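Novice: Model the full structure from these sequences, guided by the hints.
Chains as they are written, first to last, in my numbering: chain A, 20 to 381; chain B, -11 to 284.
Worth flagging that the hints you see were computed from the coordinates, not collected in a lab.
Since this is a predicted model, take the numbers as computed values, not measurements.
Built from N, CA and C at the ideal position, the CB exists for glycine as well.
Among these hints, one or two may not hold up.
[As the list claims (entries may be wrong)] Short derived list, chain A residues pointing at chain B, Cβ under 10 Å: (1) LEU70; (2) ARG93; (3) MET97; (4) ASN104; (5) TYR105; (6) ARG164; (7) LYS185.
[Claimed, not checked] Between beta-carbon pairs, the in silico distance windows are: (8) A:GLU189 to B:LEU8: 54 to 60 Å; (9) A:THR213 to B:PRO86: 56 to 62 Å; (10) A:PRO89 to B:ALA72: 36 to 42 Å; (11) A:THR324 to B:ILE2: 49 to 55 Å; (12) B:MET103 to A:SER94: 55 to 61 Å; (13) B:ILE98 to A:PRO89: 49 to 55 Å; (14) A:ASP331 to B:ILE98: 52 to 58 Å; (15) A:ARG304 to B:ASN(-5): 49 to 55 Å; (16) B:ALA91 to A:GLY28: 24 to 30 Å; (17) A:ALA352 to B:PRO(-7): 47 to 53 Å; (18) A:THR213 to B:ALA72: 52 to 58 Å; (19) A:GLN72 to B:LEU124: 56 to 62 Å; (20) A:SER322 to B:ASN(-5): 52 to 58 Å; (21) B:ALA189 to A:GLU192: 30 to 36 Å.
[Stated by the list, open to error] Here are the simulated lysine to any residue pairs, SDA-like style, with alpha carbons at most 20 Å apart: (22) B:LYS198 to A:GLN101; (23) A:LYS92 to B:ARG187; (24) B:LYS198 to A:THR109; (25) B:LYS198 to A:ARG147; (26) B:LYS242 to B:PRO229; (27) B:LYS242 to B:TYR218; (28) A:LYS92 to B:SER186; (29) A:LYS92 to B:TYR176; (30) B:LYS198 to A:GLN151; (31) A:LYS92 to B:ALA189; (32) A:LYS92 to B:GLY184; (33) A:LYS264 to A:ARG275; (34) B:LYS198 to A:SER107; (35) B:LYS201 to A:SER107; (36) A:LYS92 to A:LEU123; (37) A:LYS92 to B:TRP188; (38) A:LYS83 to A:GLY28; (39) A:LYS264 to A:GLY369; (40) B:LYS198 to A:LEU152.
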Amino acid sequence: MSLVLDNIGLRAGATTIIDGMSLTLRRGVMNVLLGPTLAGKTTMMRLMAGLDQPTAGRLLLDGKDVTGLPVRKRSVAMVYQQFVNYPSLTVFENIASPLRVARLPTAEIESRVRHAASLLRLEPLLQRMPAQLSGGQQQRTAIARALVKRADLVLLDEPLANLDYKLREELREQLPPIFAETNAILVYATTEPTEALLLGGETATVWQGRVTQHGPTSRVYRQPANLAAARVFSDPPLNELAVDKRGAEVITAAGRRLPSSGVLANLPDGHYTVGFRCDDAALTRESASAPGFAGVVAVTELSGTESFVHVDVGIGTWVCLVRGVHDWQPGAAAEVSVDMHRAFAFDPAGNLAASPAMAQTA
Amino acid sequence: MMDKPWNNKAWFFILPVLVLVLFSSVLPVMTVVNYSLQDSMGVNNFFWNGDAWFRDLLDPGTEIGARFADALLRTFAFSFAALAVEIPLGIAIALCLPRRGWAVGISLVITALPMLIPWNVVGTMWQIFARQDIGLFGAALTGIGLPYNVTQDSVSAWVTIVVIDVWHWTPLVILLSYAGLRAIPDAYYQAARIDGASRWAVFVNIELPKLQKVLVIAVLLRFMQTFMIYTEPVVVTGGGPGSATTFLSIDLVKIAIGQVDVGSAAAMSLVYYIIILTACWIFFTVMTQLERRGDS
Chain A
20 MSLVLDNIGL
30 RAGATTIIDG
40 MSLTLRRGVM
50 NVLLGPTLAG
60 KTTMMRLMAG
70 LDQPTAGRLL
80 LDGKDVTGLP
90 VRKRSVAMVY
100 QQFVNYPSLT
110 VFENIASPLR
120 VARLPTAEIE
130 SRVRHAASLL
140 RLEPLLQRMP
150 AQLSGGQQQR
160 TAIARALVKR
170 ADLVLLDEPL
180 ANLDYKLREE
190 LREQLPPIFA
200 ETNAILVYAT
210 TEPTEALLLG
220 GETATVWQGR
230 VTQHGPTSRV
240 YRQPANLAAA
250 RVFSDPPLNE
260 LAVDKRGAEV
270 ITAAGRRLPS
280 SGVLANLPDG
290 HYTVGFRCDD
300 AALTRESASA
310 PGFAGVVAVT
320 ELSGTESFVH
330 VDVGIGTWVC
340 LVRGVHDWQP
350 GAAAEVSVDM
360 HRAFAFDPAG
370 NLAASPAMAQ
380 TA
Chain B
-11 MMDKPWNNKA
-1 WFFILPVLVL
9 VLFSSVLPVM
19 TVVNYSLQDS
29 MGVNNFFWNG
39 DAWFRDLLDP
49 GTEIGARFAD
59 ALLRTFAFSF
69 AALAVEIPLG
79 IAIALCLPRR
89 GWAVGISLVI
99 TALPMLIPWN
109 VVGTMWQIFA
119 RQDIGLFGAA
129 LTGIGLPYNV
139 TQDSVSAWVT
149 IVVIDVWHWT
159 PLVILLSYAG
169 LRAIPDAYYQ
179 AARIDGASRW
189 AVFVNIELPK
199 LQKVLVIAVL
209 LRFMQTFMIY
219 TEPVVVTGGG
229 PGSATTFLSI
239 DLVKIAIGQV
249 DVGSAAAMSL
259 VYYIIILTAC
269 WIFFTVMTQL
279 ERRGDS
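Specialist: Here it is, written out as structure tokens:
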């Protein structure tokens, strides 16, 4: 029971928008598409829905070939980043609209709408017009409309992006259980790695029209298969260090020699990119004993319990996580020490060469 | 200066504007008010006449009152006819225009062309166009056996004036509607497609409600302009045949300049002005109320 994208491609003239994409999306789990803006998430969803047709490949729904089937012959529901409701219809009629098109009996429509409204706490608002609702209520109406349809495929395209922080957290918590009972294939697109982690389920990282990795969310986070997936799944951005490994030492792009430790220890000689997230980069005022990188503070972002300090280390800018609120002024000298045991090493083709998880299993 | 919460010196800055408005609007209007309350026996010899001009004008029993009532009815009928054609036609054409690609610029320019032609040029064009002997439109209609004659037949004259206005000003409605349609996010159409909604349902439930704001403006502008129509009927029909196309503005000019009946004309101008103001206010209130009930 699944939606299978079999080598799907989409080109417009000479430009390739989606390139040979294969992906299996299962029922009953939250399938997260994670990627930056313009990575191709919305295009993928349009192809899955049948709003656009792929120029190559096949689309299989529960084993049945649905490629080329127009959207009105499929069972699809979609929620968008913008709050899309029919402006001249009440909340009740908005939620009922797909059922009215399907010509369901009135009693059935009534009961389904009431049920969806109770799940999304819209009951007191059923007779209001969309313009009289807050943003969160408008989006809940749109979600209820997707819910009542009992579609096989439910596409949620950054549904929480336009909501404020509090509402977003609240609705994110409510969404998975609400849709779990529908047994639909759920696809959720987001640009935020944190959101993917909070939703759990399975994540496909999308980068430039390709799926770079697909698997259980926490595994994709802990063991990115390639540099593109690691970059997409890191917020703040992944810190990178290009090295040339020669025997027991590694040489950085700036010509510094360091002992080859941590993930690099057991790798053959050659060029690698070491990637590490902000929580694996420690920051000190003066040079510590660990192999450190001297730099200058560029920016400090405070998030209440944590400070993200951007440090220019000469070969790039790295982001370091410091617990608590710290007063790192721009221009201050700082020393970054990298925990090489928790870093990832990628080969020149961008594929994962070594990771902490691989070291554990070895 | 900063210790006071307000500063009356700011009034000096708006003084030039007040002077300008005084000379451009207030004084001319007050002159008309002045005329409407007095009678004149020629060269600057005025005496007080009270509200007599207004009483005559608003009483259909008098000659001027009957004339005014007729012209008013005619003008309302004309505005209604023109709006009834232009608004639906404008929306329909806007829906048919291309939304992307090279054709957008070309079709918009072609659509807008009639609006760029001055009123009396439009009138002259149509006067020739509608002639039975050499005009393409007139000769063609006569050729297929229709009883068409602008100067003799009042139905022909009416149809011609309405068609001219439709030709000249539907482009405004098209452009406004087109802009309104373009402002609807694509997600709405997508959502409708996923719902399986029909083309008609998309129009009624998405496009029309989203167009409401621009339609308020279109209706207001077109009402004001059609209610003030002057040039085209003067050039094409001269207000005739008889008084079939003598609208308020034409009657006003006839009374003021033709008959030099300044008092009646001034009273008529003021009533005319108040009617337009009131009608616009009613339109605006009704349509913004509708809007508040519907869309944001």
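Novice: So, for every hint listed, does it hold in this structure?
Specialist: Results for each hint:
1. LEU70: holds (6 Å)
2. ARG93: With a closest approach of 9 Å, the ARG93 (chain A) hint holds.
3. MET97: Since chain B brings a Cβ to about 5 Å from MET97 (chain A), closer than 10 Å, the hint holds.
4. ASN104: OK, holds: ASN104 (chain A) within 10 Å of chain B, min 8 Å.
5. TYR105: Holds, because the Cβ-Cβ distance from TYR105 (chain A) to chain B comes to roughly 4 Å (cut-off 10 Å).
6. ARG164: holds (8 Å)
7. LYS185: Check failed: Cβ of LYS185 (chain A) comes no nearer than 22 Å to chain B, outside 10 Å.
8. A:GLU189 to B:LEU8: 54 to 60 Å: holds (56 Å)
9. A:THR213 to B:PRO86: 56 to 62 Å: violated (42 Å)
10. A:PRO89 to B:ALA72: 36 to 42 Å: holds (38 Å)
11. A:THR324 to B:ILE2: 49 to 55 Å: The hinted range 49 to 55 Å holds for THR324 (chain A) and ILE2 (chain B), with Cβ atoms some 53 Å apart.
12. B:MET103 to A:SER94: 55 to 61 Å: violated (48 Å)
13. B:ILE98 to A:PRO89: 49 to 55 Å: violated (34 Å)
14. A:ASP331 to B:ILE98: 52 to 58 Å: holds (57 Å)
15. A:ARG304 to B:ASN(-5): 49 to 55 Å: For ASN(-5) (chain B) against ARG304 (chain A), whose Cβ atoms are near 53 Å apart, the range 49 to 55 Å holds.
16. B:ALA91 to A:GLY28: 24 to 30 Å: Check passed, 29 Å falls within 24 to 30 Å.
17. A:ALA352 to B:PRO(-7): 47 to 53 Å: holds (50 Å)
18. A:THR213 to B:ALA72: 52 to 58 Å: holds (57 Å)
19. A:GLN72 to B:LEU124: 56 to 62 Å: violated (48 Å)
20. A:SER322 to B:ASN(-5): 52 to 58 Å: violated (44 Å)
21. B:ALA189 to A:GLU192: 30 to 36 Å: holds (34 Å)
22. B:LYS198 to A:GLN101: holds (15 Å)
23. A:LYS92 to B:ARG187: holds (16 Å)
24. B:LYS198 to A:THR109: holds (15 Å)
25. B:LYS198 to A:ARG147: The given pair, whose Cα atoms are some 17 Å apart, holds under the 20 Å limit.
26. B:LYS242 to B:PRO229: holds (15 Å)
27. B:LYS242 to B:TYR218: It holds: about 12 Å lies between the C-alpha atoms, which stays within 20 Å.
28. A:LYS92 to B:SER186: Distance of about 14 Å is within 20 Å: holds.
29. A:LYS92 to B:TYR176: holds (19 Å)
30. B:LYS198 to A:GLN151: It holds: about 15 Å lies between the C-alpha atoms, which stays within 20 Å.
31. A:LYS92 to B:ALA189: At roughly 18 Å apart (the allowed maximum being 20 Å), ALA189 (chain B) and LYS92 (chain A) satisfy the hint.
32. A:LYS92 to B:GLY184: holds (9 Å)
33. A:LYS264 to A:ARG275: holds (12 Å)
34. B:LYS198 to A:SER107: holds (9 Å)
35. B:LYS201 to A:SER107: holds (13 Å)
36. A:LYS92 to A:LEU123: holds (16 Å)
37. A:LYS92 to B:TRP188: Distance ~19 Å between LYS92 (chain A) and TRP188 (chain B) Cα, so the pair holds.
38. A:LYS83 to A:GLY28: holds (19 Å)
39. A:LYS264 to A:GLY369: The hint holds at about 16 Å.
40. B:LYS198 to A:LEU152: It holds: about 17 Å lies between the C-alpha atoms, which stays within 20 Å.
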